Amino acid sequence: MTTAPQPITPPSSESQGNRIPWQRIAMWAAVIFTVLFSLGPPMWELLTSIKTNDAITADSVVYIPSWDQFTFEHYVQLFTLNQFHIYILNSLFVAVVSTLLCLGIGAPAAYALARLRIPGERLVLTCVMGVTLFPYILLFLGLLRLVQFTGLANNYLALIIPYTAINMPLTILVMRSFFQQLPKDLEDSAKIDGYNVLQMLWQIILPMTLPALVTTGILAFIFAWNEFIFALTFITQESMKTIPVAAAQLGGTSLFEVPYGPLAAATVVGTLPLVILVLFFQRKIVQGLTAGSVKG
Amino acid sequence: MPRPYATYPATHLPHLPCHPATHLPTYPNQPMPTLALENLTKAYSRKVVPVKDLSLSVGNNEFLTLVGPSGCGKSTILRVIAGLEQATGGKILINGEDVNPLPPKDRNIAMVFQSYALYPHMTVYENIASGLKLRNMPPGEIQKRIQDASKVLGLDPLMDRRPSQLSGGQRQRVALGRALVREPDAFLLDEPLSNLDALLREQVRADLKQIFERQKAPVVYVTHDQTEAMTLSSKVAVLSEGYLQQLGTPNEIYKTPANQFVAGFIGSPQMNLINTEQVGGAVLLGDFKVHLPEAAQSHSTVVLGIRPEHVRLPEEGDSQTIRGDVFLVENLGMSDLVSLRVHGDENLVIRSLIPADATWQREDLELAMPPHAIHWFNPETGARIE
Ligand SMILES: Nc1ncnc2c1ncn2[C@@H]1O[C@H](COP(=O)(O)OP(=O)(O)OP(=O)(O)O)[C@@H](O)[C@H]1O
Ligand SMILES: [Mg+2]
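Residue numbers (this note's numbering), protein chains in the order written: chain A, 1 to 296; chain B, 1 to 386.
Worth flagging that the hints you see were computed from the coordinates, not collected in a lab.
No experiment lies behind these values; they were computed from the predicted model shown.
Please note that a few of the clues may not be correct.
[What the hints assert, rightly or not] Straight-line distance between alpha carbons at most 20 Å, and here's what the computed SDA-like set of lysine to any residue pairs gives:
| id | chain 1 | residue 1 | chain 2 | residue 2 |
| --- | --- | --- | --- | --- |
| 1 | B | K133 | A | N196 |
| 2 | A | K191 | B | K151 |
| 3 | B | K209 | B | Q170 |
| 4 | B | K209 | B | N60 |
| 5 | B | K151 | B | L166 |
| 6 | A | K191 | B | H121 |
| 7 | A | K191 | B | L166 |
| 8 | A | K241 | A | L157 |
[To be verified] If we take Cβ atoms under 7 Å as the criterion, some of the chain A residues that face chain B in the derived model are:
| id | residue |
| --- | --- |
| 9 | P42 |
| 10 | E45 |
| 11 | E73 |
| 12 | D188 |
| 13 | K191 |
| 14 | I204 |
| 15 | L213 |
[Stated by the list, open to error] Sample of chain A residues facing chain B (criterion: CB under 10 Å; computed from the structure):
| id | residue |
| --- | --- |
| 16 | D59 |
| 17 | A109 |
| 18 | K184 |
| 19 | D185 |
| 20 | E187 |
| 21 | S189 |
| 22 | G194 |
| 23 | Y195 |
| 24 | N196 |
| 25 | Q199 |
| 26 | P207 |
| 27 | M208 |
| 28 | V268 |
| 29 | T271 |
| 30 | L272 |
Here a beta-carbon is modelled for each residue, glycine too, at the ideal position from N, C-alpha and C.
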């Protein structure tokens with residue numbers, strides 16, 4: 001052992017080097033748990049949808065299907081026997097129209113609430129907030145009567161109108177706070193540059209608003225795409241049903257057979273458009289688009 | 001036929017300065033101002049009235065700077081001129097025409113904002129061109145104007161970038177370019193340099209001066225910065241609480257401030273302002289007598305004002321001097337700002353700017369106060385006593 005003076009080191013440095021990195025381990029455990037927890041069920045559905053019926057019902061659970069247990073028959077059945085493309089189109093139509101309506105009405109309303117000095121602005125906002133407080137199922141009962149009364153049953157409007165209305169408060173609140181943080185100088189500058197109000201909204205405000213519109217639009221679309229109870233009750237005609245309803249009504253060949261395979265395939269088919277939508281627009285949601293317009 | 005791109009009907013021509021003065025009864029011996037405010041008032045509510053009865057005019061080739069403390073209504077004046085806010089009273093005349101009823105886009109005015117307000121989704125070129133395109137200007141003319149402006153401002157390498165890819169100084173120049181290419185009837189600039197760092201500000205200030213010296217249209221420029229006001233302007237308007245305190249050339253404002261507010265606001269370091277009482281045709285600063293001019297003799301109390309740069313080390317022939325002990329020296333580089341407690345009055349402090357290379361002692365320092373450099377103000381009204 002040497003007695004030469006050692007460079008001064010903090011006393012804990014040695015123990016630090018050998019210490020088990022609990023923090024990292026805990027973090028990775030949490031990450032893995034979260035991923036498994038949220039992606040496990042979809043993965044299971046995906047795997048089930050490409051397994052033969054034998055593999056699905058086998059006594060020992062088949063996790064990853066082997067080559068001879070692999071099949072596309074559930075998907076084929078979905079589109080031939082069950083005409084699923086019709087339901088996809090129905091869902092697409094209802095969701096797209098209600099999303100566009102929601103943005104088309106909600107965004108201008110939000111702009112007005114953010115920028116114009118409207119008398120009773122607080123009251124309007126309170127009402128908008130108030131609407132979100134109603135339990136969904138209570139709305140349903142009232143809407144059922146309304147649909148009966150107006151004879152809108154088996155009409156896409158019976159879905160489009162409620163979906164639009166339900167998504168409206170969120171759209172207005174999100175868009176309003178977005179408009180509020182858009183620098184007002186930009187609009188003033190546009191006015192002086194010679195834009196009239198419509199040109200300004202269309203050519204200056206809208207391009208900057210795109211990220212917020214896409215974000216709220218995706219939320220509205222997902223709601224409309226997934227909604228079940230209204231779609232189940234207000235639409236009874238087979239050719240007009242939407243995906244969630246159609247998927248739930250998939251039947252086996254006998255009363256006692258649960259069609260696990262087709263159900264899984266329907267789930268995958270029903271989820272895929274949403275995944276594509278989000279992945280596609282995620283690139284479009286360019287964050288910080290307004291950066292650089294003003295001092296920042 | 002497309003409308004001409006700028007509202008330049010023949011009515012503008014008679015007001016050009018070369019026109020015989022006989023046709024201009026209101027402003028006999030000077031060119032017709034192209035931007036004039038007459039009794040302009042703007043109230044946001046009963047209590048908030050940031051612009052009160054403001055009248056002033058800015059002619060061709062003139063550069064008017066509005067200075068004043070924060071919240072005195074400078075930005076509001078610009079916004080009212082631009083049409084972004086509606087005036088509650090008075091007239092705004094551009095080339096003799098009252099533009100009050102016109103929306104901003106029909107006033108043919110260009111404005112540069114403190115925040116630059118560039119459109120983030122457009123390239124620099126598109127930003128600059130947008131105002132011209134909207135006025136249906138032929139593409140060739142747009143190109144030419146942008147090239148001209150770009151040459152002056154050095155924007156060529158930046159044309160395809162977006163504002164987010166520019167530095168603060170570059171954004172500032174783009175905003176300036178957007179205003180210049182418009183060739184408007186008036187330029188409005190709201191603290192365009194305040195977001196730049198000190199060094200860049202000085203440089204851009206010099207550029208601004210050159211650029212606007214070549215522009216014919218009147219310029220109204222808002223700033224907090226006295227140096228900008230002094231160096232850039234041909235006219236300065238000092239504002240306080242919505243009222244115009246003084247309008248004049250930078251020299252006039254500096255040399256003959258119209259009242260105590262202007263005296264204290266313009267000039268750095270701030271003017272010494274001392275409340276004193278008259279004693280037989282003179283006032284006492286501690287133990288020292290300062291002669292009171294004829295005009296001020298009728299007041300029992302007066303405010304004496306003298307700029308620190310005018311309080312100097314005595315030379316031969318100086319009759320009016322004070323003595324005191326120095327208690328604070330602030331080094332400003334070229335000179336020292338010296339604070340002195342005058343003998344005979346513990347509370348009386350006078351600040352003096354002494355060249356850094358001069359020699360002086362801290363104890364019992366003698367300083368001269370040349371009579372012609374002293375300003376006198378009425379303590380009640382604040383008005384200058386001549
Ligand atoms: N939209 C508005 N509504 C009500 N009051 C306003 C509005 N805009 C400005 N004011 C008030 O008008 C007064 C003058 O504001 P203004 O922006 O013109 O000041 P300023 O001289 O430009 O100040 P600064 O130097 O800080 O920019 C302030 O008291 C401000 O609170
Ligand atoms: Mg301001």
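To see whether the hints hold, each was checked on the structure:
1. K133/B / N196/A: holds (13 Å)
2. K191/A / K151/B: violated (27 Å)
3. K209/B / Q170/B: Measuring from Cα to Cα gives roughly 17 Å; hence the hint holds.
4. K209/B / N60/B: holds (15 Å)
5. K151/B / L166/B: holds (18 Å)
6. K191/A / H121/B: holds (17 Å)
7. K191/A / L166/B: violated (24 Å)
8. K241/A / L157/A: holds (13 Å)
9. P42: The hint is violated - P42/A has no Cβ within 7 Å of chain B, the shortest such distance being about 36 Å.
10. E45: violated (40 Å)
11. E73: violated (49 Å)
12. D188: holds (5 Å)
13. K191: This interface hint holds because 4 Å falls under the 7 Å limit.
14. I204: holds (6 Å)
15. L213: Since the shortest Cβ distance to chain B is 13 Å, the answer is violated.
16. D59: violated (61 Å)
17. A109: Violated, because the Cβ-Cβ distance from A109/A to chain B comes to roughly 23 Å (cut-off 10 Å).
18. K184: holds (9 Å)
19. D185: holds (4 Å)
20. E187: holds (9 Å)
21. S189: holds (4 Å)
22. G194: This interface hint holds because 4 Å falls under the 10 Å limit.
23. Y195: Interface hint status for Y195/A: holds (6 Å vs cutoff 10 Å).
24. N196: holds (7 Å)
25. Q199: Status holds, d = 7 Å.
26. P207: holds (4 Å)
27. M208: holds (6 Å)
28. V268: violated (37 Å)
29. T271: It is violated, given that the least Cβ distance between T271/A and chain B is near 33 Å, above 10 Å.
30. L272: For L272/A, the interface hint is violated, since the closest Cβ of chain B sits about 32 Å away, which is over 10 Å.
Comparing the model with each earlier hint shows violations of hints 2, 7, 9, 10, 11, 15, 16, 17, 28, 29 and 30; every other hint is respected.
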